[in-house]
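Visitor: Heads up: the protein sequence lines correspond to chains A and B, in order.
Per the numbering used here, the very first residue in the first sequence carries number 331; after that it's consecutive.
Per the numbering used here, the very first residue in the second sequence carries number 331; after that it's consecutive.
Do not take every clue at face value.
To be verified - Taking lysine to aspartate or glutamate pairs in the EDC-like style, the calculated list, with each CA pair at most 20 angstroms apart, reads:
1. A/Lys598 / B/Asp511
2. B/Lys598 / A/Asp442
3. B/Lys598 / A/Glu448
Keep in mind that the hints were calculated from the coordinates and are not lab data.
Protein chains: 2
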Amino acid sequence: MPDHPFDAAIALAPAADGLFDGATHPAWANMVGPFGGVTAATLLNAVCRHPQRLGEPLSLTVNFAGPIAEGPFRIAATPVRTNRSTQHWSIMLQQGDEVATTATAVFALRRDAWSSSERGAPQAPPADRVAVQAPPAFVTWPGRYEMRFVAGAWPDFDKGTPQDDSCTAMWVRDEPPRPLDALALTAICDVFYPRVFRRIARFAPAGTVSITTFFHADAIALAAQGARPVLAQARAQRFVSGFHDQIADVWGDDGSLLASSHQIVYYKA
Amino acid sequence: MPDHPFDAAIALAPAADGLFDGATHPAWANMVGPFGGVTAATLLNAVCRHPQRLGEPLSLTVNFAGPIAEGPFRIAATPVRTNRSTQHWSIMLQQGDEVATTATAVFALRRDAWSSSERGAPQAPPADRVAVQAPPAFVTWPGRYEMRFVAGAWPDFDKGTPQDDSCTAMWVRDEPPRPLDALALTAICDVFYPRVFRRIARFAPAGTVSITTFFHADAIALAAQGARPVLAQARAQRFVSGFHDQIADVWGDDGSLLASSHQIVYYKA
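Pulled out of the complex, with its shape left as it was, chain A reads as follows (with noise of 0.2 angstroms):
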């Protein structure tokens, strides 16, 4: 078992051809079953770790279909094309016969090409200006990151007020610190509390149904990242029958756009 703990969630022992077994951990769990950003790195490692694979991740799209219940589960990950620079996958997470999560994935292979960033990082003070935010108890998962909130951290939700924004912007890294890679970026990415908590100021029952993330740095670029926190940003545009949606970027601390995010959420309020 591998010593970090995010190692240690995404881990799988390879079984028969292009299935993987894994297990959820108990340092990440949710309000129910797992973080579901560790979820998502744990599909994308299926691929990562398959002998069939080509280049590195472009697109990941992961859809909640049901809970995962504390315990082993078995992924299966399947090269549907190969094409000269990209790979399609689909991957699907079961317990038993019921499948939890299903997810697609492109695979790549970058080369050189006219460049532009047109979208630059938020402003915000450096990292170690910016103090860091104890996790709430109610969960484990939020402990597995150090959080350091430039705007809409943690809401109070004994004495808070509904916001009128549902931004929230911060500097973050895994704790203990761990290298950047595309695996804990994918995580990263949802490492957001719902948004719709910040706008009513109270808990609700809330949890993602579908996440795609985009990622835009190679492993090199995520390498040079190393451990130092990235600047993440969260915000909704709508909240309507009980479904928002939910952007999400991530730069690092030179400024270039990481990966961007969008995932619809379930929410009863």
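Knowing the structure of chain A, use the given hints to seat chain B on it.
Guide: Frame of chain A, contents of chain B only:
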């Protein structure tokens, strides 16, 4: 065969259990294969027509794994898991033995809940004050839309100048007019020419690799929009190593956000 070219293009004949037969439609031809938006709508239509479908579209991810050749195709739509208020689908389009497109979708039963629109429509003159721009001649499908550009119209590839921003905004509707529904909205989310064209002011090989759309409006809200133009806006955040993202949002003429969509685009420049 339905009269309207959109309905003709997405038409499917049910075959065996969960299988549907369709064919490309010449009116929707793109540079290679059909317009991706109509392919996405056709995949969604397979779920809409499936006898086990529960509720309405909430999210759709379509991965363009390979080109679709002119001619027939077969779609397999599988309900992977059905919960009380959400249903998860796996969808695949094949031509012969070759997988051309994969998709996942979530359908949902919406219900009354606390609601808020955090992102209003951008400033734009009313549709009838904006001139219609004729589509470019080098590709067929744009003729299936009436486009009234507020910003970022089709670039002049012969004498255009590179632009600092990738933003396009337009009033757009099907041509001929057709009442809006989730299928037409799916296609409209992909109605923008690749953002790289605008930035470099010349043509470049480019195509969607993966697109995810979140539906914020239900069938009743979409029906209320009728066949009137919707306001659609797109922009990219980062172009790097031959891939760029593209964010598209679509508002009704009452200012409500109907759908938000995100795609990752391959380009060679």
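Visitor: Please go over all the hints and tell whether each is borne out by the structure.
Guide: We went through each hint and held it up to the structure:
At roughly 26 angstroms between alpha-carbon atoms, lysine 598 of chain A and aspartate 511 of chain B are farther apart than 20 angstroms, so this suggested pair is violated. Between lysine 598 of chain B and aspartate 442 of chain A the alpha-carbon distance is near 9 angstroms, which keeps this suggested pair within the 20 angstroms criterion. Restraint check for lysine 598 of chain B and glutamate 448 of chain A: the C-alpha separation of about 18 angstroms stays at or below 20 angstroms, so the hint holds.
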